[in-house]
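Trainee: Each chain is listed here by its residues.
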Amino acid sequence: MAMENIIYPRPTEKFIYEKRAPVDAVCPACGGKNVKRYRVIMYLGPKIRTKCQDCLHTLQTEEPTVADQWPPYWAITRSGRWKPSRVG
Amino acid sequence: MPKYKIGIDVGGTFTDLIAISNNGETLTTKVLSVKDDQSAGIIKGLKKLGLRPEEVELIGHGFTVGLNAVLTRTGDKVGLLTTKGHRDNLDFGRMYRPWGKFLYDPNWMRPHVERPLVSRKYRRGITERILWDASELVALDEGELRGELDLLKKDGVNSIAICFLNAYLNDAHEERAKEIVGEVIPDAYIQSSRLNPVVKEYERTITVVLDAYIGKIVSRYFDLLEQRLQDAGYRCDIFIMQFNGGFARPSALRTKPIYTLTSGPVAGVLGSRFLGEDLGVNNLLTLDMGGTSTDLGVIRDGVAVMTTQMELEHAINVNLPMVEINTIGSGGGSIIYTDNVGALKVGPESAGSNPGPACYGLGGTKPTITDAHMVRGVIYPEVFGAGEVAPDLDLARKAFKQLANTLKLKIEDLALGSIQLATAQMAEAIRSISTYRGLDPRDYTLVAFGAAGPMHAADIARNLGIKDVIIPVNPGCFSAFGCCVADIKNNFVESHVKIIDGLGPDGINASFRRLQETARKDLLSQNVPEEFQTFEWLLYGMYAGQTWDLPISIPIQTYDNEGIAKLKEQFHEKYFEVRGYKAEELPIIVTTLEVDGYGTVSEKHKPPKIELGHHEVDRVAVVGVRKVYFRDTGYADMPFYDRKKLKSGNTIVGPAVIVEETGTNVLERGDHARVDEQGNLRISVS
Amino acid sequence: MAKKTFSLTAPEIQERYGIDLITAEVIRNSFIQITRQMHATLLRGSYSPIIRDYMDMAVCVFLINQGQDGPEYEMVAVTEGCTQHAFNQQYFVNAMLNEYGLENMRPGDVLISNDTFRGGIHLSDLGAVSVVFCEGKPSFVVSNVAHWADMGGAAPGSFLNGWAVESYQEGLRIPPMLIYAEGVPVRTAFNLLIENTRIPHYVLGDMRAQCGTLVVGTRLVGNMVDKLGLEVSRNGAQYSIDYVQRISQQAISEFPDGVYEAEDWMDDDGIELEPVKTKVTVTIRGDKAEIDLSGSQRQPLGNTTSGWGAEATRLLIGFKTMLEPASPVNAGSFKQIDVISPSGTVHNGLPPTSTNFHADPGCRAYNSIYKALSHAMPERGVASDYGTCNAYLWGGLDTRPGRIGTPWIYYIIAPGGWGGTARTDGVPFCLVSYGNCYDPVVELIEQECPVIVLDKEFTMDSAGAGEHRGGPGTCVTYLALSDTTMTAGADRVRFPPPGEQGGGAAMPVYGYFLEDANVSFKHTRNGITPARFMKPLFGLVDADGRPDPSGGVYCLNTLAKSGKFSLRPVKAGTIFRNYCSGGGGFGDSLRRPVNLVLKDVENELLSPEFAANAYGVVVNPATMKVDEKATEERRRILAAQREQGKWSVPVACYPNWPK
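Keeping their order, the protein sequence lines are chains A, B and C.
Take 34 as the starting number for the first sequence in my numbering and just add one per residue.
Take 33 as the starting number for the second sequence in my numbering and just add one per residue.
Take 43 as the starting number for the third sequence in my numbering and just add one per residue.
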């Protein structure tokens, strides 16, 4: 079992920016075409959201995967990855 | 010749008087309070009562001169002497922000900073220092002290509070400072840590300052009161109600007027205790609901529950042993409104007595709880308000109109719903002094009084699962009644903050000997002979490492090592009862030892019996049948009874309203009211 | 633009929730009351002063909804001690249960964790969670979190140790695990806690209190469901959450749409000694908002780094403070705001970096929100507060007679003032906005610890000047009676708390050692002590060691190189003097009403010199009266000079500090 998302080196860049990936979609709330997909912290925690950048309407909310490294730390034993034992 | 005890409760709007005689007669009356001259109202009230001075055995009296002065910041000009480097603790408070709507508010300001009792200019640090072991680090700089006092005197400061660090261990510097104050400002009122010689510098300082703030004002009040009573021919004993739940003579209170700060609500709790004792009910929750606020108290095993901290405003606390009263801003005049997203709310803003509820027709336009009851139909305008107000239904309905339109709700449903919300709020406030402390309200009986208490009592009880409610006779002047039936009480403390074994038998015995002697002498000075004196001893303790202590009532005896071992056991048991665990491996620190002295001042009052009747109510007691609103049936007929015409043994089954001059008693479907021998209403809640 | 309303009428509530508006409000208040009772239970049963006096805890009730990707947990009500715990629980409970799996929780199970990387605040804060089963189905969650006095690690208190660069050195990191299984204590978990922390009997007592609180909460929620039915209870819970969301929508829509940026700086991390930047961009569109931390600096080496959940919490607290402080907190407070937090910044540290001293980055986070939103709506503006943890940990063994050998710890946390606002001066002596505690009692500290508190007063001229000035800073002095070590955590030493909308900066933080106790009694007045009696430990000082925030040099010839250091030996007899910063000023100081400036001069919070320098008010010190003409003239001159770029409001500090 690979040990991803457990230990990270300190970033080398001095200032860090979150990337927002453009998405080809039209916002159903305002009709705008400036839609992007990016990592957020919303009320349920770290998720990936596709949002209109003009009116901030959310088109979609997705669960992150291991590859998203979001949140940075992922327990390798988390629910869905390892089966629970009798004691947790 | 029958002799009367007179109880007088001065409130914001009305001064209530009640006279009870030793042969079963009761007289009550009400006059409008005279705002800045409370004793004038008292004389008016005594005249209206119509008794001759020779008929009066004693006058028991609660007033709010001191409290008003504090709340309106119209007290004396106080100078505070503190240890150098520590003169800002009044502005620091205990650092925390209040819970509720101000917790996140950057515009919130600590009350003492916004409206100081003592501004920084008059808070002077004096070179002196006592240490944790009572030793002196730095001697008192008397020259510097005189200089500071000169400056204070120049500015007209005439009341001095002295509170040095660790003075609870060693107050030699404070005592010397007092002497010097007496030389420099001879007519100054002086108060020092001796008022409250316990650990915790902030709590001690604010208590001493509050006392100094009202020292001269209360003294002047006593002067005027005593003069006026004398002029009117009264030669009887005059007692003042204190917040510790007992009387004191004015002479004893001139040196500690802070004890008069919240007499009114305490009197209500005392009256309830008397009632409970008389009826054989030991566990009571007391509810005193007025126009603006509601005061709540607890009587457990026949004893009023005490506390050592009462908050007047955030961080402005009195820290002395007192009857615990929880006050919430819910009353008959509480305003009903919606917030900025349309949720319905009741209070704490109140229409008070000016402009008052809309239905009073005095200019109020906002809907209040009283208006809600009016719309519902339970108010009987002909009797309500003893002729002082004439409530108008149209005005009440008009006040609700806009809100009802916005919410798209019928006016009647809105009125009923508001009452329900108010009830839920009061039930919650009761929970905060009972359930949250580990007491189960279902084991208690609710006693309700005050102008609006009886209207809500049954519903509040229902909300809490309480089965029995008592509405006493004359519920509107029940606090005044409480002022008739008290004993003299004093309390004296010494603070040690030592591990109990370290304090040992010698320390404990010496301390109690001193305290007992002080209490005894004080009772004598208040004309209580030895045979009428009783005492109670208390020990406050905490586990090492904690900062909050717990009192236990301990046997009055000389202590040896075995006795101390028993005290430790008693403490652990009490801790377990209150906190749910005990830590026998940890040392117990004795923070404070206290002696309470009691002196009986008159023969115990015997409540008179009313006329005996039958199970069924006489027809003459029914004043009418009117339409009252219920959620499920709409307006339906409800009988109205005149309480004055009820006899003992009568039972009334709800829904029904029992009207009287000083209150409206509401019974819902299934509530069962029985009139007992003295005329109290005993309600079994459905 | 049409003004949208977020109010609901009675019929609308009935339709949406199937209950009438009164029942909805009663249920909303009932959930709050359940948390009040849980809170009272926790206070009653707790062992350590940290929970009771420092109130570093919160208790909550959550509703479980079924989302598209699995169960979702929405906070319905909370009773908080510290504000940061109220917010953080929303993130942390979701993270704990998502990882552990709701399907693995049974009635009577208590799940605990303290992990920053799973969204918590720091290792000292232990969260406990229980699921409430109704009609056999998981329906609600009850939780609490409390700060533990010690969680193991290299330094007692597990809190400040600046030499810890990795979480391994900080303390015990507890992943979500059961401490109670179906009501039975899990022996192995208890042993782990008891054996790896320094105050095991506190651990046992406080853990039991926390779990006992959850038992009470479970019972109370169960009682409500028994009385009202499960569907009505759930609908009422949803109404409660939506109610707060509507308040949030209303508040955000009142702010003008736009993009608002702000930046702020932390002095250093105590190891690399270079400033660390915080950048915040707030975007408001209608009733929604985004807060983006992009542009913030990477995580430093030292432990002054926050986890993602901790910092999102502080950003939301800053937001709530500015927009709608009065409403209750629950999941509805979060739904309109997304936080964008790039991994690896000082506000979202990557494992295994140490995150225990998250307090100062936290202050930068919410102070940046104040800045950004004050630009958006100056009439609701708030200036930065004293903005640092300003904590000093002393500890060792007592040497006083009768107490020889007794271990002691004293957390010295002396707060300063909050910033002035558009409406009022800043409140003094108030802990940072994400905390809330009782101040320790000096007389009890002096009993328990070999320490004498010589000073604890306002410092003259420490409040940031402005039309509304900040709260003044605090001067505190401690004398050690026994040998001890000092671990310090102070920021705002190098960068004074800034003013807002033209307001002046406040006096920054300083540390000094004094010669002897007489210095406090004889040579200190309103916190001002001549420099010859003080040895500078850290601060912006001049060549004589005097505080000089305008022209001084950061830690010039001082005994420490920063306000953050660990385990410095302190011999008995040492006297430590700390000046805590004041709050920043708001608005133009030349417009502050003259009578208010005079009042501060009379009260010795302002010197006549600083009144003239910063406020343009000329007071005759002999008569204590304002020279009105001279004041008018001076204010006119200063305003003109400011126009020409020749004058700006000075940083607060006593002018011509005595040598």
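There's no promise every hint is true.
[Unchecked claim] Covered, in the sense of this in silico footprint (three residues per stretch, anywhere, with C-beta under 8 Å from a C-beta of chain A), are these stretches of chain C:
no., segment
1, 172 to 179
2, 365 to 377
3, 393 to 405
4, 435 to 448
[To be verified] DSS-like cross-link-like pairs, simulated, lysine-lysine; straight-line CA separation at most 30 Å:
no., chain 1, residue 1, chain 2, residue 2
5, B, Lys-636, B, Lys-598
6, B, Lys-442, C, Lys-603
7, A, Lys-80, C, Lys-613
8, C, Lys-667, B, Lys-185
9, C, Lys-613, C, Lys-603
10, C, Lys-667, C, Lys-701
11, C, Lys-179, B, Lys-210
12, B, Lys-398, B, Lys-659
13, C, Lys-319, B, Lys-186
14, B, Lys-186, C, Lys-603
15, C, Lys-319, B, Lys-109
16, B, Lys-109, B, Lys-398
17, A, Lys-80, C, Lys-377
18, A, Lys-66, A, Lys-80
19, B, Lys-442, B, Lys-530
20, C, Lys-603, B, Lys-398
Simulated from the structure, these hints should not be mistaken for laboratory data.
Note that the structure is predicted; figures quoted are calculated from it, not measured.
Note that the Cβ used here is the ideal one computed from N, Cα and C, for glycine as well.
Trainee: Of all the hints numbered above, which does this structure not satisfy? Sort the numbers upward.
Mentor: 1, 4, 5, 6, 7, 11, 13, 14, 15, 16, 19, 20
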